[in-house]
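Each chain is listed here by its residues.
2 protein chains.
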Amino acid sequence: MMDPMTAIRRARAGQREIVIVGGGFGGLTAAKTLAADRTVHVTVVDRRNHHLFQPLLYQVATAGLNPADIAVPIRSQFSGHPNVAVHLGEVTRVDLRERQVTVRDERRDVALAYDYLILACGARHSYFGRGDWEEYAPGLKTLEQAVEIRRRILSAFEAAENEFDPEVQRALLTFVVVGGGPTGVELAGAIADISRTVLVRDFRRIDPASARVVLVEAGPRILAAFPEGLAQHATADLRQLGVEVHAGTPVDRVDADGVSFGGERLAARSVFWAAGVQAEGVARTLGVDLDRAGRVKVAPDLSIPGHPEAFVIGDLAHAEQDGEVLPGLAPVAIQAGRAAARNILASIHGRPRTPFRYFDKGMMATIGKHKAITALGRARLTGYLAWIAWLFVHILYLIGFRNRVAVLAEWSWSYLFSRRGARLITGREWRT
Amino acid sequence: MMDPMTAIRRARAGQREIVIVGGGFGGLTAAKTLAADRTVHVTVVDRRNHHLFQPLLYQVATAGLNPADIAVPIRSQFSGHPNVAVHLGEVTRVDLRERQVTVRDERRDVALAYDYLILACGARHSYFGRGDWEEYAPGLKTLEQAVEIRRRILSAFEAAENEFDPEVQRALLTFVVVGGGPTGVELAGAIADISRTVLVRDFRRIDPASARVVLVEAGPRILAAFPEGLAQHATADLRQLGVEVHAGTPVDRVDADGVSFGGERLAARSVFWAAGVQAEGVARTLGVDLDRAGRVKVAPDLSIPGHPEAFVIGDLAHAEQDGEVLPGLAPVAIQAGRAAARNILASIHGRPRTPFRYFDKGMMATIGKHKAITALGRARLTGYLAWIAWLFVHILYLIGFRNRVAVLAEWSWSYLFSRRGARLITGREWRT
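So the sequences go chain by chain: R and F. Here my numbering is used: the first residue of the first sequence is 1, the next is one more, and so on. Here my numbering is used: the first residue of the second sequence is 1, the next is one more, and so on.
So that you can see chain R by itself, here it is in the shape it has in the complex (with noise of 0.2 Å):
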């Protein structure tokens, strides 16, 4: 056994040690942005062995993808490149002081030293309080949820064919997505989506396309991120899909039987999770100033203030532009992680530092099977048209070529015969 005060320094003597804990789209920009840089070595830190394209992470719940569509190992991502490490552990604490971070394997824990850090471990879902809600109400944030979220999808399908109290059957046959940001708009778009075209030929007791999707927002409209025009678009396109939208009702109670909201009571077997989100839990070792979501409020130049060695990007950071919060996008991240790693090498090489500055490229989400909503700075498209621009983006920033050509591969067959290839329901036990 280790002593875990006696950090491991894995660069070699002359070069720059950098950890960067987690592989997101923030870490393995930044990760990349460093690899090229042969006076640095890197550590990239992470729990999961692959880098996950959340934005399609819906598709793996509603059967349209496969889990290694949108994941790829993050090693494979610098085969290339013998000065990045990737080290599979949660890191549970970082030391700003001694500039180390402790990581937690199956085995021990261990102390990783570093010159620089970038800290990038993201957000996980909130239940205000009510952790006990996530039993009934899974998010959708990982691999694992979104095969549990599908898994609870067809089964419930399947419960239904089998049920003779048309009550129970009802109840079976009810999906609540609880959240109105883009996640939960498209996880119900998808959800309507399958229940009308994929499954409505394979079932000779229930007919799937009567099942209920609701979506319900505690805040005034869905899309709040978005413009008002564009949202009230994605209420209409929902709507025609059959997906009941209700804003302005925050859920009183989540259950085993359904979900209370605005004094209503519905009986739904299956409820999602897309609403709050809090940053992971890892920055209140720091010791210095988080936000009410935990945050870490950041330097123009993306650094802890007072640590100019150790930065926070995407979900983790708390970075104002214009007076406003940076969101959680994945754009917001890729272009932080690029901008921490140049003002590294910046430091490095004498140059100075250059303070962050989000370009925002737009916001896109899509509404079932072949509707979406973008805003591209001024410009507004809805239906079909912004659809093609979501595909296009979206195929464009997947990372890894393979899973370029895999996706578009499951997608063309889904969209020509409407099907799914990755109906599957998969336990949770592997024992016989």
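If you're looking for bench data, these hints aren't it; they were derived computationally from the structure. For glycine and all other residues, C-beta sits at the position ideal for the given N, C-alpha and C. Hints are not guaranteed to be accurate.
To spell it out: a stretch of chain R is covered by chain F in this simulated footprint if at least three of its residues, at any positions, have a beta carbon under 8 Å from a beta carbon of chain F; those stretches are [what the hints assert, rightly or not]:
(1) 39-53
(2) 60-70
(3) 73-84
(4) 102-111
(5) 141-150
(6) 155-164
(7) 201-211
Reference listing, derived: stretches of chain F covered by chain R, where coverage requires no fewer than 3 residues with Cβ under 8 Å from a Cβ of chain R [as the list claims (entries may be wrong)]:
(8) 96-109
(9) 149-160
Given chain R's structure and the hints, the job is docking chain F onto it.
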């Protein structure tokens, strides 16, 4: 709550109800053969919602294919056949006298009445009375097990990369496969292959190519069902790949730290089980003659002696031909499924039944990336040519057009670039 003794009968008036237990090769073929005849109604009962192409399961276990590439929803196979219903649940009891089966799902037990029955629920791994070994040595019969084996293989390399004790590192990089049948041979070959090609550039502290892969067989030689010359060829091919082959050495013990066999103790953190099989337990509820492996002894027309309305096929059946028991292979199950279905239709339409005769189309097994052995009648193929034959047959037999395309794409990719598309470690737990 329904009275479980009030059996449900799904057929309409005038239709015969045929219940098929199991959606594997045998059950699915039988259902497809029967579906075209509208004087019958077919109910396929399975614990899982998907038909699994078991011969390629080892490719999922070694990150070559996605789970969805080798599985199709059973329902989707009968979209165009309103006289075929699929019932998700586990058959816990068969009552031959009352002509009904008891099906358990998550909610309750129900009984399904039948006029004709086809039992095709297959076999599971046998640990020869040592069920406690399963924890340390998962078998390879289901998608869940394949994903678990994939998780263990990839996690072992990750843990070895983080390990400082050379002895533990050695045990983490030692993989033992118990059982030298086709599954064991293919699994061992594929583990050796990925450690020497796919993973080799992605680690910094360990050399994945130094991984030990050990194949242990209790019988005097591996691939006992194949001609001896081919088995010798396979042994040589495996050794060339770096697999250590030990025949004539039964395993004495499996635990968390390794295996004991032939008086030797081998420290290994990953042990996989591809040894014996035993028939599914439901056979014991029949009250009829079983063989030592728990299989039902059937008459020449595949029915249970004394019960001309009840058939048993596939791995659950003990069917003899020319004095030998037919082996538990996919082609036997497929041909038997067709024969049982035709015998049922013969009885319904007043024609005589035909005794089942298995037509042996040959056997094949792959060794590593592009070698195989094939026995086709008196012809013997080895090496690359045998591998091409193997590829052709497996693509041809993959049920569902989409899967053929997906598998061919995955294989072309991995063949051209020595990469594996499905290198995902996904956990057992979805909660945060």
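Structure-based check of each hint:
With 3 residues having a beta carbon nearer than 8 Å to a beta carbon of chain F, the stretch 39-53 of chain R meets the requirement of three or more and the stated coverage holds. Residues of the stretch 60-70 of chain R lying with their CB closer than 8 Å to a CB of chain F number 4, which satisfies the three-residue condition for coverage. Residues of the stretch 73-84 of chain R lying with their CB closer than 8 Å to a CB of chain F number 7, which satisfies the three-residue condition for coverage. Only residues whose beta carbon comes within less than 8 Å of a beta carbon in chain F count, and the stretch 102-111 of chain R has 4; three or more means the coverage holds.
Counting residues of the stretch 141-150 of chain R whose C-beta lies closer than 8 Å to any C-beta of chain F gives 7; at least three are required, and the coverage claim holds. For the stretch 155-164 of chain R, the stated coverage by chain F is satisfied: 7 residues place a CB nearer than 8 Å to a CB of that chain, which reaches the threshold of 3. Only residues whose beta carbon comes within less than 8 Å of a beta carbon in chain F count, and the stretch 201-211 of chain R has 5; three or more means the coverage holds. Coverage of the stretch 96-109 of chain F by chain R holds in this model, with 3 residues showing a Cβ closer than 8 Å to a Cβ of that chain against a need of three.
With a threshold of 8 Å between beta carbons, the proposed coverage of the stretch 149-160 of chain F by chain R holds, since 4 of its residues qualify and at least three are required.
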